[in-house]
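*Asks:* The primary structure of each chain is shown beneath.
Number of protein chains: 4
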Amino acid sequence: MNAPARFFSTLEPLRYVGRDSRDPFGFRWYDRDQIVLGKRMEDHLRFAVAYWHSFTWPGGDPFGGETFLRPWMHGSDEMDLARAKADVAFDMFRILDVPYFCFHDRDIAPEGKTLKESNANVRAIADIFAKKMESSKVKLLWGTANLFSHRRFMSGASTNPDPDVFAYSASQVKNVMEITHELGGENYVLWGGREGYETLLNTDLKRELDQMGRFLNLVVEHKYKIGFKGTILIEPKPQEPTKHQYDFDVSTVYGLLCRAGLEKEVKVNVEANHATLAGHSFEHEIAMAAALGIFGSIDMNKGDAQSGWDTDQFPTNVEDTALAMYEILRAGGYTTGGTNFDAKIRRQSIDPEDLILAHVAAMDVCAHALLVAADMLKDGALQQAVDDRYAGWNEPQNKAMLQPGTTLASIAARAEAENLDPQPRSGRQERLEALVGSYFR
Amino acid sequence: MNAPARFFSTLEPLRYVGRDSRDPFGFRWYDRDQIVLGKRMEDHLRFAVAYWHSFTWPGGDPFGGETFLRPWMHGSDEMDLARAKADVAFDMFRILDVPYFCFHDRDIAPEGKTLKESNANVRAIADIFAKKMESSKVKLLWGTANLFSHRRFMSGASTNPDPDVFAYSASQVKNVMEITHELGGENYVLWGGREGYETLLNTDLKRELDQMGRFLNLVVEHKYKIGFKGTILIEPKPQEPTKHQYDFDVSTVYGLLCRAGLEKEVKVNVEANHATLAGHSFEHEIAMAAALGIFGSIDMNKGDAQSGWDTDQFPTNVEDTALAMYEILRAGGYTTGGTNFDAKIRRQSIDPEDLILAHVAAMDVCAHALLVAADMLKDGALQQAVDDRYAGWNEPQNKAMLQPGTTLASIAARAEAENLDPQPRSGRQERLEALVGSYFR
Amino acid sequence: MNAPARFFSTLEPLRYVGRDSRDPFGFRWYDRDQIVLGKRMEDHLRFAVAYWHSFTWPGGDPFGGETFLRPWMHGSDEMDLARAKADVAFDMFRILDVPYFCFHDRDIAPEGKTLKESNANVRAIADIFAKKMESSKVKLLWGTANLFSHRRFMSGASTNPDPDVFAYSASQVKNVMEITHELGGENYVLWGGREGYETLLNTDLKRELDQMGRFLNLVVEHKYKIGFKGTILIEPKPQEPTKHQYDFDVSTVYGLLCRAGLEKEVKVNVEANHATLAGHSFEHEIAMAAALGIFGSIDMNKGDAQSGWDTDQFPTNVEDTALAMYEILRAGGYTTGGTNFDAKIRRQSIDPEDLILAHVAAMDVCAHALLVAADMLKDGALQQAVDDRYAGWNEPQNKAMLQPGTTLASIAARAEAENLDPQPRSGRQERLEALVGSYFR
Amino acid sequence: MNAPARFFSTLEPLRYVGRDSRDPFGFRWYDRDQIVLGKRMEDHLRFAVAYWHSFTWPGGDPFGGETFLRPWMHGSDEMDLARAKADVAFDMFRILDVPYFCFHDRDIAPEGKTLKESNANVRAIADIFAKKMESSKVKLLWGTANLFSHRRFMSGASTNPDPDVFAYSASQVKNVMEITHELGGENYVLWGGREGYETLLNTDLKRELDQMGRFLNLVVEHKYKIGFKGTILIEPKPQEPTKHQYDFDVSTVYGLLCRAGLEKEVKVNVEANHATLAGHSFEHEIAMAAALGIFGSIDMNKGDAQSGWDTDQFPTNVEDTALAMYEILRAGGYTTGGTNFDAKIRRQSIDPEDLILAHVAAMDVCAHALLVAADMLKDGALQQAVDDRYAGWNEPQNKAMLQPGTTLASIAARAEAENLDPQPRSGRQERLEALVGSYFR
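Chains as they are written, first to last, in this note's numbering: chain W, 2 to 442; chain Z, 2 to 442; chain D, 2 to 442; chain X, 2 to 442.
It is worth saying that the hints were derived from the structure and are not from the lab.
Careful: at least some of the hints might be erroneous.
The list cannot tell twin chains apart, which means a pair is met if one copy fits it or any two copies do.
Said to hold, decoys possible - Straight-line distance between alpha carbons at most 27 Å, and here's what the computed DSS-like set of lysine-lysine pairs gives:
#, residue 1, residue 2
1, K224, K140
2, K207, K265
3, K400, K117
4, K400, K207
Could you put together the complete structure from these sequences and hints?
*Replies:* Written out as structure tokens, the structure reads:
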């Protein structure tokens with residue numbers, strides 16, 4: 002293959018060029034050092050590039066094969082290719098000047114002849130990463146194990162009817178968790194791509210939920226054992242590839258965690274397109290995670306509003322994104338989490354530049370959205386409207402209804418005695434939407 | 002209005018006429034005394050007629066008004082009309098010879114000038130019910146309070162920003178719970194029609210979840226206080242009327258219950274059409290409820306597979322219904338639950354006979370499905386296939402992985418030491434589907 | 002009821018206040034006299050207010066009744082109420098200073114005891130409109146007949162199995178067409194709310210398509226007979242209220258028109274929410290209509306991206322709206338069409354101000370979107386990218402392939418002789434999306 | 002690879018074993034010589050096996066690779082593999098004893114180094130087919146060209162911005178059309194997998210529609226030139242792989258055909274799963290095609306009712322299938338068309354037997370459905386109900402309304418003069434659904 006430095010014709014890290022520039026290779030909104038709500042923009046957004054879509058996906062879809070013909074995908078020595086891929090990847094991190102990246106084990110290193118060799122391959126590439134991370138400022142937002150691509154996982158990983166797959170998965174997860182820890186990763190993610198089922202006819206639902214709960218406990222115990230301080234995250238998705246996934250949405254994951262006794266230990270990595278496929282808005286899933294105390298990180302992308310599968314497109318809509326950013330800010334912002342672009346260029350976007358430009362545009366959308374969301378928060382008018390709406394709950398007799406001691410009977414008695422006849426008050430949705438519109442610039 | 006006995010031209014209770022009959026006014030499959038798996042068919046199915054769709058809905062839809070012109074919907078004395086409606090309803094229960102019915106408070110009695118009067122109206126009609134129930138064999142499967150139709154509930158009931166609506170709801174629920182208890186109802190249901198939100202912009206999600214959890218606790222405490230032995234049920238629905246409902250699906254309700262500390266106290270009433278609107282099959286929701294230990298009862302109907310709202314049609318497909326019945330049987334059948342027809346005739350079905358025939362056909366579909374499901378269970382071949390698939394988990398070292406003591410590290414070490422290379426085995430979906438097909442008759 | 006002037010506390014027509022204003026009762030973007038691409042903004046956008054959602058809908062939904070309690074909806078003399086409603090409506094037109102409005106016959110006047118009286122009622126109110134239109138500058142964008150609300154239309158209007166309904170519909174349409182003509186209406190719209198079916202089991206599809214085609218021809222013939230110079234428009238919708246509507250989407254309507262020989266006579270009124278319910282983006286439907294030569298007008302609103310029914314919300318997203326506006330501009334802009342707000346405030350938005358503010362915000366969204374779309378067009382970079390992509394088709398041998406004379410065999414022979422091996426070129430979607438983003442301000 | 006005879010352990014053609022058999026390798030319903038409505042069951046159903054899903058798909062999905070490891074997919078000489086695949090395929094046709102098969106050019110033969118070589122490869126395998134077809138009784142239902150898998154087609158085939166792809170496609174189609182003709186194929190199908198677009202931003206919709214219309218005309222002209230007597234079919238699909246496909250559904254294709262002047266020349270191949278993805282029931286699409294005079298053939302499969310992509314599952318539901326079969330019978334049955342299983346076993350169904358059993362079960366579902374549909378037709382009660390519903394249209398004055406000569410004004414005048422007040426009659430949906438249920442056995 003070609004020398005990796007040649008893959009991208011862009012050589013210098015991209016810079017903020019300002020709103021009036023039309024240069025597609027500069028940031029119009031993402032000004033990493035700009036202070037927003039007392040923090041650098043970069044520290045708010047904590048952007049990460051995902052290894053899989055950008056460097057491992059060849060451009061296929063269910064009706065067609067490879068379109069990209071990446072040089073690092075064609076050759077005989079797979080470890081050589083993996084090293085070449087790493088060169089390209091870190092070159093892109095450098096060009097985009099992003100603070101983080103994310104990876105699955107199978108993205109970065111080929112499967113070996115044995116489990117041990119597979120794990121060793123991952124470690125070998127991770128060692129290369131370690132050096133590259135030292136010499137650049139890019140950090141690891143999270144690592145994860147790919148427990149869904151190989152045919153051994155066709156019926157699940159931890160929820161597989163075959164216990165050997167459970168054990169195999171344990172080995173793979175342990176390896177990536179430890180590598181993530183060693184690389185200073187800030188989170189470890191579990192995406193249960195095939196933790197679900199195709200048909201109840203061949204499935205023992207309860208047993209599989211138990212297996213999954215047990216696996217999560219093993220992971221959390223191992224986290225403590227190795228001293229990993231990062232967050233364990235589950236990434237909800239309602240379906241695809243499986244007919245039903247056990248980690249359907251944020252609320253479902255919360256229930257799973259309660260069932261496994263882990264609701265204080267594990268958080269969620271919320272993906273925009275997974276949210277919409279589950280029948281929710283992206284901001285809903287973030288707000289719900291925050292309300293349940295399990296908000297962790299996000300996978301930023303967007304789905305096609307009329308397509309019923311995971312299109313994983315780069316975000317383009319500032320207004321939609323601002324509503325998500327606002328919920329993140331209301332939740333206090335990220336702690337260990339970040340904004341990972343789990344987004345892929347369209348399979349027709351075959352030029353190397355397409356990869357760069359897609360990220361630039363998406364980073365700008367997020368930066369613009371952050372500024373809008375910060376204004377929404379600073380201005381406080383939206384929050385005030387919410388507070389006003391619930392103000393009645395501050396009165397002592399109303400507060401009391403939410404406290405132990407009051408009973409249904411006592412509340413009912415008062416309602417009847419006072420002849421309550423509550424009059425509805427406008428929800429004012431349109432004027433609040435207009436208010437949101439007024440923050441755009 | 003006309004004398005109620007005249008509303009239906011059918012006068013005699015409908016009877017089993019056998020499979021070869023073409024009489025639409027007889028049951029071809031529902032033979033209530035037939036013994037299935039050691040129990041009378043009637044005792045398996047525990048059919049209930051729903052008051053609302055059958056007697057209270059005038060046939061309107063979002064683009065058009067009343068089509069049915071029921072005599073009991075037009076008159077000046079609303080309590081008179083309510084009594085006439087009760088006559089027609091009990092006449093239909095008698096004709097269909099169903100063991101149960103279900104109602105909302107506002108279905109059976111008009112709203113009064115005050116909360117107290119509204120509650121009294123419900124009680125007055127309930128007194129009539131009590132007498133009618135004595136003289137017929139129909140029983141109450143469940144009662145519930147309508148906390149969504151009146152404009153005071155436009156922003157929710159227990160989750161309303163206005164605490165007075167919370168209190169008002171408490172009074173209404175207390176009244177219906179007590180009436181349900183007095184009428185010997187076997188369950189009390191909560192459907193949170195407007196417990197959800199339209200826009201996050203005016204909503205405090207966490208506060209509303211807290212209010213809802215608190216309300217559920219008040220209800221459960223009241224249940225014990227009054228000595229009600231029935232089951233408290235929540236009916237999940239993903240959306241409609243609200244953009245997002247807090248009781249989205251079975252798994253979400255499980256999480257809510259855990260959060261409120263009520264996962265041992267409250268169960269779910271699973272509706273077919275709500276399941277499919279949530280992106281699940283009906284059988285999935287039943288199986289999930291069973292796996293989580295919260296299966297209670299069902300609302301039997303079907304949605305239109307291509308329509309995105311609650312069409313609440315009568316079930317027509319034996320094969321689909323059999324898969325649901327199979328999961329109910331696998332879960333041990335109903336305890337306090339039953340098969341409530343939360344189904345409405347199409348608004349063009351304006352003849353009184355349409356109401357009767359829709360129920361007859363649906364009861365036949367369910368009875369037929371029960372027979373198929375019972376054969377599936379008795380034969381055991383499906384269960385055997387599932388057991389075989391998970392058989393590896395019976396081996397001691399595999400069982401051990403699910404027990405405390407093993408660690409991720411110990412499992413991983415063994416996987417590597419044994420050089421595990423699990424080979425996939427066919428999920429055999431098509432042959433299991435064919436097997437299901439072979440039980441149909 | 003109250004004097005209409007009192008319904009809205011806003012008394013003066015609303016004015017452009019500029020982008021930096023936070024006054025919700027002023028336009029931040031809609032500056033009607035601003036020249037955009039050589040035309041006044043007002044003349045580009047041709048805003049219309051819809052009578053039905055704003056003045057006739059009481060705030061009900063399938064699970065709850067009236068929330069708005071509008072004074073003109075409660076009283077004993079229906080014609081008096083209709084006149085009061087007209088006063089409020091024209092007051093709102095004045096306050097918003099919109100150039101157009103739209104109506105259904107049943108929105109503006111009550112049904113009478115006979116068909117003749119119903120038609121006369123419409124005419125009586127139309128006479129009031131005529132006077133009000135003279136003294137204000139508001140014009141009629143289009144009129145239409147409501148052939149779906151009353152129970153007589155429950156099985157369709159022109160496609161009804163009962164020929165008397167066809168005849169009844171003819172009378173109603175004739176009346177409204179003539180009134181529309183007399184009021185100077187610029188279009189006449191047909192929305193086939195119940196021209197469709199619920200179940201094929203009771204439907205003769207071909208016959209109903211024939212009836213519909215015939216009715217359209219009658220309408221077009223009548224247009225010429227009365228000298229109406231406006232455009233006849235069909236408004237596509239895929240389903241709801243019916244399971245399947247015959248006017249599913251733009252392409253389906255085109256096929257219907259071809260079948261009826263009317264593809265040069267009738268155009269479409271494209272609604273955003275109907276487009277998305279049909280599985281299309283709004284801009285797709287506009288572009289398709291333009292490509293097929295049948296683009297007429299639009300119903301501006303938005304759906305909820307996760308809800309499966311017609312939510313008819315006011316548009317809030319400038320970026321989405323700009324893509325639609327761009328397609329309208331590319332199609333040459335409106336001729337007789339306009340931007341009709343077929344949008345309703347949420348049923349919780351019960352204050353009179355909500356109605357005003359929703360329109361103001363939506364008009365601003367459209368005005369902002371128009372400015373962006375105009376820049377996209379003026380700049381030309383998007384169009385250039387498209388032209389470049391198809392440039393190969395300008396070469397003579399390629400042009401020839403699209404002309405009579407070439408054959409499959411001759412083209413194939415050349416392809417083989419020249420050993421064609423076409424290399425894909427990037428579709429550059431992300432960089433074009435980024436380019437679109439750069440026009441926002 | 003193994004000798005093909007060894008791939009399936011089943012050696013003898015499968016036979017009808019009757020309803021009471023539990024042998025999964027025998028037909029319980031499909032009794033090919035049984036006379037139904039005067040015709041052999043085989044001649045009604047005209048089953049075809051599809052080459053692609055059964056022999057060419059390796060079991061991958063968007064999140065995982067090959068699971069099947071078919072012996073003919075792994076080797077160095079691609080033409081050798083293609084011959085081995087043909088052996089297995091014809092062995093399966095023999096075992097299933099189906100009368101037809103279908104193929105894409107790329108299913109049966111590998112792409113060569115040049116277009117000419119690719120075409121020659123197809124011809125070489127077709128020659129093998131010709132011999133195998135002679136010695137067996139299997140016939141070709143239809144052939145088609147794969148114009149979507151290779152990256153050259155990533156932006157479409159006939160609608161590609163690059164005219165060379167148009168020419169390349171012409172060569173490929175010409176080759177497969179001629180081979181189809183020589184093999185005695187009864188139809189030629191066009192599936193426009195990538196005839197659509199991903200984003201309007203890079204698309205000239207009108208130009209692409211023109212290109213597509215031109216290509217269709219070239220194909221039809223070539224049909225006449227070579228004397229092919231079969232039917233040219235288009236297979237509608239709403240989206241996937243593209244965001245929007247130009248052949249969205251039956252009605253859209255009808256519009257396209259009208260635009261190209263081909264509505265008498267080209268028919269449709271209706272697929273169940275494509276119908277449901279387009280928001281229609283399968284039977285709707287068949288009935289619509291029949292009403293428009295373009296019904297040709299079907300691709301039999303089913304989608305998952307809760308999944309938003311093409312799952313292409315084998316049909317399992319007799320009741321759903323019977324409604325489709327009923328519409329086919331009402332349309333007069335197939336002429337050149339047939340029942341092609343465009344269905345794939347799940348990727349976890351990795352045993353050779355799974356392939357056989359899936360087809361057996363599906364053929365039984367169709368045979369059972371045919372019997373039910375035939376009874377529905379013979380009995381005539383459904384048709385009678387429809388005829389009764391429209392009976393009013395047989396009256397002279399009502400017939401006249403559909404004929405030239407009457408005008409909107411004359412109809413309106415009569416409606417008013419006669420004071421028409423049409424009373425709705427029950428649509429009787431539930432009783433008709435019950436009636437359908439009564440035909441099941």
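*Asks:* Each hint should be assessed against the structure and marked as holding or not.
*Replies:* Against the structure, the hints come out as follows:
no., hint, in the structure
1, K224 / K140, "within (19 Å within a copy, 55 Å between copies)"
2, K207 / K265, "both (23 Å within a copy, 17 Å between copies)"
3, K400 / K117, "between (59 Å within a copy, 24 Å between copies)"
4, K400 / K207, "between (40 Å within a copy, 15 Å between copies)"
Of the hints listed earlier, there is not a single one the structure fails to meet.
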